[in-house]
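Join these two chains into a complex; the hints should help.
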Amino acid sequence: MAGVQVANLSRSFGAHTALDDVSIDFADGGFYALLGPSGSGKTTLLRQIAGFDFPDSGRIAIGGESVERVPVEKRRIGMVFQNYALFPNMSVADNVAFGLSVRGEAKATIQSEVQRALDLVQLGKLGARRPHQLSGGQRQRVALARAIVTKPRVLLLDEPLGALDKALRVDMQIELKRIQREIGITTIFVTHDQEEALTMSDRIGILRDGRLVQEGPPEEIYDRPKSEFAATFLGDANILRGETTGTGIRLPDGTAIAAGAGATLAGGATASCAVRPERIRIGTDSGTSDPNANMLRGQVSKRIFAGNNSTYFVDRNGQTIKVTVQNTGVEKLAEGQKVVLRWSPESTVLIAAS
Amino acid sequence: MAGQVATGSRSGLRSALPLLVPAYLWLTVAIFLPLSAMVFFSFMTELPLPGKAWSFTLDNYATFFSQPLYLTLLAASLRLGLEVTLWCIVIGYPAAYVLAKVFRGRSREAIFLLVILPFWSNGLVRIFSWAMVLREGGILDSALNAVLPFNINIDLMYSYPAVIIGLVHSYVPYMVLTCYLTLQAIDDSLIEAGRSLGASRLQMLKRVIIPLSMPGLVAGAALIFVPVVGSFMEPRILGGRTGTFYGTVIEDQFVAVFNWPLGAALSFILLAVVLVILALASPVLKRAA
Chain A
1 MAGVQVANLS
11 RSFGAHTALD
21 DVSIDFADGG
31 FYALLGPSGS
41 GKTTLLRQIA
51 GFDFPDSGRI
61 AIGGESVERV
71 PVEKRRIGMV
81 FQNYALFPNM
91 SVADNVAFGL
101 SVRGEAKATI
111 QSEVQRALDL
121 VQLGKLGARR
131 PHQLSGGQRQ
141 RVALARAIVT
151 KPRVLLLDEP
161 LGALDKALRV
171 DMQIELKRIQ
181 REIGITTIFV
191 THDQEEALTM
201 SDRIGILRDG
211 RLVQEGPPEE
221 IYDRPKSEFA
231 ATFLGDANIL
241 RGETTGTGIR
251 LPDGTAIAAG
261 AGATLAGGAT
271 ASCAVRPERI
281 RIGTDSGTSD
291 PNANMLRGQV
301 SKRIFAGNNS
311 TYFVDRNGQT
321 IKVTVQNTGV
331 EKLAEGQKVV
341 LRWSPESTVL
351 IAAS
Chain B
1 MAGQVATGSR
11 SGLRSALPLL
21 VPAYLWLTVA
31 IFLPLSAMVF
41 FSFMTELPLP
51 GKAWSFTLDN
61 YATFFSQPLY
71 LTLLAASLRL
81 GLEVTLWCIV
91 IGYPAAYVLA
101 KVFRGRSREA
111 IFLLVILPFW
121 SNGLVRIFSW
131 AMVLREGGIL
141 DSALNAVLPF
151 NINIDLMYSY
161 PAVIIGLVHS
171 YVPYMVLTCY
181 LTLQAIDDSL
191 IEAGRSLGAS
201 RLQMLKRVII
211 PLSMPGLVAG
221 AALIFVPVVG
231 SFMEPRILGG
241 RTGTFYGTVI
251 EDQFVAVFNW
261 PLGAALSFIL
271 LAVVLVILAL
281 ASPVLKRAA
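For the record, the sequence lines run as chains A and B.
Under full-length UniProt numbering, think of the first position of the first sequence as 1, with each following residue one higher.
Under full-length UniProt numbering, think of the first position of the second sequence as 1, with each following residue one higher.
So that you can see chain B by itself, here it is in the shape it has in the complex (with noise of 0.2 angstroms):
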């Protein structure tokens, strides 16, 4: 019997394989073959191109260690990503909580609409517009001056609030969808169940809502970390001088200094960091959940 049902699902690997085999193929040409030359380069003194010499050195490595910037750098983006994540949480949740379990057929359609239209706009249009609101003068000076009594001046553009603004609003809907969904997935009936037993709402947020929905949670917030602590368009258009991170300096590297070996270096001590603390919390994360 036992070995009936692991011959079964033997053979029944065997003929899913080739549904796998698209996706491995391109994720190997895709990802890690460029990513193996990334390494490469990391490990290079200079990029190889004609006429110049180079062999393998581990000052690049080294050249972060050595310089206190980088790590105060990443010090920077890390805060930056745990910034942009907490609020995408704090905005997103209850957005997806009502979504899940207030609206209903075609109202729930229409907002939710709403929350993915970002994703449909360029992001650099996206950035660009925010420059518009966040300006002096611009379109939130001209707007709360029009109402307010008093005069105030309002420019936040080319400061840290624009860019938690403009990364907020870019990575909010991942954590609304994620969310939605194992919200979604909450029976009603346990809900009705727990009041039902004397549980005020905010108990059952913390008891069975919020522990239930902890995998939408953790899967929105590590969709939106990861690529908040290595961003540099919204740092830099958004930012100005104040938005030197960790990722417009790799950007530079490959950008303006064309210093590739540098920046791909960076590159993989951002990645291993990352891992590292995605390790780290994943423990800690489960029990949650």
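Excised from the complex, chain A in its bound form (with noise of 0.2 angstroms):
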């Protein structure tokens, strides 16, 4: 096992930079989700810690040592593809095996390694199958077997569950997750799905165009956004531009919204303000219960009902902000009623222009 670490990666193709400065430390033990839009260079920053390209400059570290020039036979790395990427000619036990017979080893050894790894993903019993015969969800789990039964000193999955349909996904997140703690391996998952990168990782590191916007837990980074993309990108938020105050900004129609949360910038400055739809309390009356929330009054144009929750859709001044509230039963607003919104400084994060 070992920590990767990845400091000021950039990769070019032709006109189009791919990795633009790139720095993370991925550390020994962790599971860390690379979360970004296609094109953002998630999976080229993940083929260049493989090893299957090589950056034009940067350092990429394994267990201390530098790797950026070693080819991905030589890396000691367990890879998970998207379409799985087994070998068809060969059985799942002859998948599983194949890592550690093409080093030579004897085989017993094989043999029984293979055994607890195919154990550990729950096939035991397949090991004769071809990988044709097998369901998605099961050729995930041959390939991700056959990823660790090497002992590698780093597991990468290229969205490995892109490819399964929801239910399928939300077992093998839960599995995934279980046979990583078992192993305790160093783990670095490609998503594009920001609730996989949620429910599964100890950190997040958001990219887009190349660069890396915001590193951290879940938590800091969906309460903490950086940027109005990390806001948005990650969970839903509702952004208001106006001008700064320094502890909150003016909206261009004078309101005033206090910040808890987020950057310190100078008076003055354009900036925005980025509220969670969850987080806002939506009702008819004007009583102020708290004199320190922020409050904006609007009008219901929408509500989309989703079953445990609903989404209103509120215009206020022309802005839609939405607002997610969980079915109780006990209030349903109709659309076009005009409707009060609240909700505290401390859910509010200022972020500044970017």
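The hints are simulated quantities; they were obtained by calculation from the structure and are not laboratory data.
Bear in mind the structure is a predicted one, so any value in this text is a computation, not a measurement.
Warning: the hint list may mix true and false statements.
[Unchecked claim] Under the rule of at most 25 angstroms between Cα atoms (straight-line distance), these lysine-lysine pairs were calculated in the DSS-like manner:
| hint | chain 1 | residue 1 | chain 2 | residue 2 |
| --- | --- | --- | --- | --- |
| 1 | A | 302 | A | 322 |
| 2 | A | 74 | B | 286 |
| 3 | A | 151 | A | 107 |
| 4 | A | 107 | B | 206 |
| 5 | A | 332 | A | 302 |
| 6 | A | 332 | A | 322 |
| 7 | A | 74 | B | 52 |
| 8 | B | 52 | B | 101 |
| 9 | A | 151 | B | 206 |
Right, dumping it as structure tokens:
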């Protein structure tokens, strides 16, 4: 096992900059998600760490050892591909055995290690099958067993759950997390699915246009996004823009919004406040229960029912503000109704204009 | 449910039948009928020409076994087929690999065109142009003497190597094409997965790429081996006196000696031998694939 350090990594393909000065410290034994839209550079970064491609500049270290010019076959990594990439000409057991047998391990060792790996992913009895005889979820497990049986220093996963349907994906998230904890391997996981990133990882790195936008534990990024992009890409957020007052912003119509978190900014600059839809309380009365709360008035333009919760789209001076409420069965607001929105400054994050 | 599927496929077969008819009608007329005539001929004493008496006989087949020359020539032809097939694999497979896995887009199309180019020229023209290259004082000889500081004398014309060169040139595109198709179908992520597991390029080739492209290799080998064993044009023109093979002897029976019954019998013996070889080889090749 080993941690991975990436420092000032850059990589261009022709005129396209795929990675631009990215530095991340992947802690030993941690589960790290690289999150970003397609084209953000997250897969390029993973392939650099794997060794399929070399950086133009920067440093990659695995377990303290510089590897940026070491080819993939010498890096001792385990990788799970989006399409599983199982060898169709081999049985499940031979697929898992591949990494050990190309290293020239003894037959008996290979056999017991393969069985252990297959047991770990709960496919102990399917060793004799061919990959095409397995379901998508089972292939996924074989790919994982094949990647970890060689005891790699780091496990790299390239959108491994992308091809599975939703129910299976949730199962595999739990399973993957269990296996990762059990063997304690440093894991780097590429995904464009924010929910997957939030539920599975200890830390998340958000990438955009080849740059690292923000990096930290899921709660920290969710509660204290440092950019509008981070706020809206990880979870849902309402963005209010105006002129900063140092501890909040003043909207163009003069309404003051107080922010209890985020950047400290000099007064006068343009800035924005982000607030999560579920932090806003929605009601019809104008009575003030909390004098410090931020308050906006608006009109319900739409309500979307999603089972356990509902999202109201509230129109205020042409801007739509989303409010998510739990369906307690008590309150139901009609479209067109005038409403008052309230939320605490602690739920408001001040963000510098980007 | 199962019954439904069965009727579905049966009516599918019925509606697909008209699509099969032209091909099979053509095969019947163009191959089956002449071939039947040849089977018939191979059991006759004489060609059924006016004024000639003929009867049925097994002598034509007996001739093959009574004269050791034919067996020797058949062995030589089989060896020729094997050698040409091997050379086609050695030359064609790496080219197919590079085409399928290294080149992309326009450059791949251009290189591909060069591979198929021999198909577009007349076979006889190709062989005679080889004759110009290979003979003493020919293009190869002059070119080497122009470059090398010492004098060498290269005369490959009318030799076994000349026959091999001509045949490999004619048939290597088949190997490139069949191997290219199977190699191209191998997902690049399989190769990446193998490398991430620590396999060297040679190990990947041996354990993943060659097994997965085996169908292409087998198809290419069959497409080359069968016609080369019966070939007569290249051996005759490029081989001269050393170019007597089973195929040239059959050709002689039809063209020079005018003994069609013997020629037909020798052809069917060749067909039987080739079929036996393919039948014996298929389980081995299937296991390898």
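Worksheet item: Looking at the structure, which of the earlier hints fail to hold?
Response: 2, 7 and 8
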